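Numbering (our numbering), first residue to last: -9 to 355.
What the hints contain is simulated information worked out from the structure, not anything from laboratory work.
Predicted, not measured: the structure shown is a model, and the values here were computed from it.
Even glycine gets a Cβ: it sits at the ideal position worked out from N, Cα and C.
One or more of the hints may lead you astray.
[What the hints assert, rightly or not] In silico lysine-lysine, DSS-like type, Cα no more than 25 Å apart, as pairs:
1) Lys291 to Lys308
2) Lys281 to Lys226
3) Lys308 to Lys319
4) Lys281 to Lys319
5) Lys319 to Lys133
[What the hints assert, rightly or not] Listed next, with one range per pair, are the computed distances between beta-carbon atoms:
6) Asp348 to Gly310: 43 to 53 Å
7) Arg128 to Pro330: 16 to 26 Å
8) Asn139 to Asp243: 41 to 51 Å
9) Ser163 to Asp243: 14 to 24 Å
10) Asp345 to Gly224: 18 to 28 Å
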Amino acid sequence: SLIFTFSSGDLFIWHAVAAKIILFLFPAPNIIRTCHPSKIRDQIMKLICPSSVILLSFCTVISSYQTHTQHASERRSSPWGTARNRGRPSTKTALGMAGGGALNCRPLGTGSAAPQTIVTNADLESVVETSDEWISTRTGISKRRILTNDGGVGIKNLAAEAAAAALEASELSGADIDLVIVATSSPDDLFGDATSVAAEIGATSNCVAFDLTAACSGFLFACVTGGQFLHNGGMKTAVVVGSDALSRWVDWDDRNSCILFGDGAGAMVLQATGDGEPSGLLGYSLHSDGKGQPQLMCGYKGTDRLVATPGDGTIMSKGGYNHMTMNGKEVYKFATREVPTVLEEALQEAGLTVDDVDWLLLHQV
């Protein structure tokens, strides 16, 4: 069994204040590459072990919903899920919580992409009052990848590159894809990047594509959303992408936050499984708490623009956003208080225990 989460500055960038869990099973041995612990940070999207349980824990600030059905204990007899419990949500009624057992889908392959420009901790010593030792000791981060204006490469280009790599690892083509979901809080196009990504990978004939915004939990919300489409039988194969370019919104004069974020993209191909086949998404527990929104946000900031309508004209708002702000102490307190609970919930949904877990890597922010 393997349990991990992605850290900021690597392949996905998340930010906010609540917790979310998904468990995955990777039964296909043909996608195995490496599982050496020292490679986890650099190979995070390639570390897929046969019959491994992967637990992903993140944070989010989005709308909440609750669901009601069977007790999680009914699912414990089979960690792989059965026709009776697959995809059925739990009875937990905590604020903003929804969870469920196995869904009829499994991951086939993954891919990732990152910018060429690297900013090290030592580089930041000349920008803000900090040090490599201070950053690495408290966060484990030594460097981050940053998108620049050189070369015309945007975050949607990285998303498409990651998706193409995931397709290659899955031995599929864009024509095989029914659904593309791009989870991002910083798209190149305010109307959404998913359709551009779908076109780039050749998924244009019968493919549905849309963006999903859920901050640091975006990729996992997208996995559950895609998994539900596959579980319900409406589609067969989906590409889920997590991509962000938060360096665009970081305040590089704020040493508490600029050290944490970088840019990149990662993707996963999910495919529906039939009755009796092992599930690859063993269970999930989702939480949201919008009360924490002021602690970590990137708020709208419009500037006045006078439009010469009849009379004195009309003052319109020219769009823009503030720098991203974060109350690190409050985010830390929230995470250390809530994450252990949601980990237990996810394991319960999957019919597993802590003893089944070999690796646990938490979201760094």
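Comparing the hints with the structure gives:
no., hint, verdict
1, Lys291 to Lys308, "holds (9 Å)"
2, Lys281 to Lys226, "violated (37 Å)"
3, Lys308 to Lys319, "violated (33 Å)"
4, Lys281 to Lys319, "holds (16 Å)"
5, Lys319 to Lys133, "holds (22 Å)"
6, Asp348 to Gly310: 43 to 53 Å, "holds (46 Å)"
7, Arg128 to Pro330: 16 to 26 Å, "holds (20 Å)"
8, Asn139 to Asp243: 41 to 51 Å, "violated (20 Å)"
9, Ser163 to Asp243: 14 to 24 Å, "violated (46 Å)"
10, Asp345 to Gly224: 18 to 28 Å, "violated (37 Å)"
Hint check: violations occur at hints 2, 3, 8, 9 and 10; the rest are consistent with the structure.
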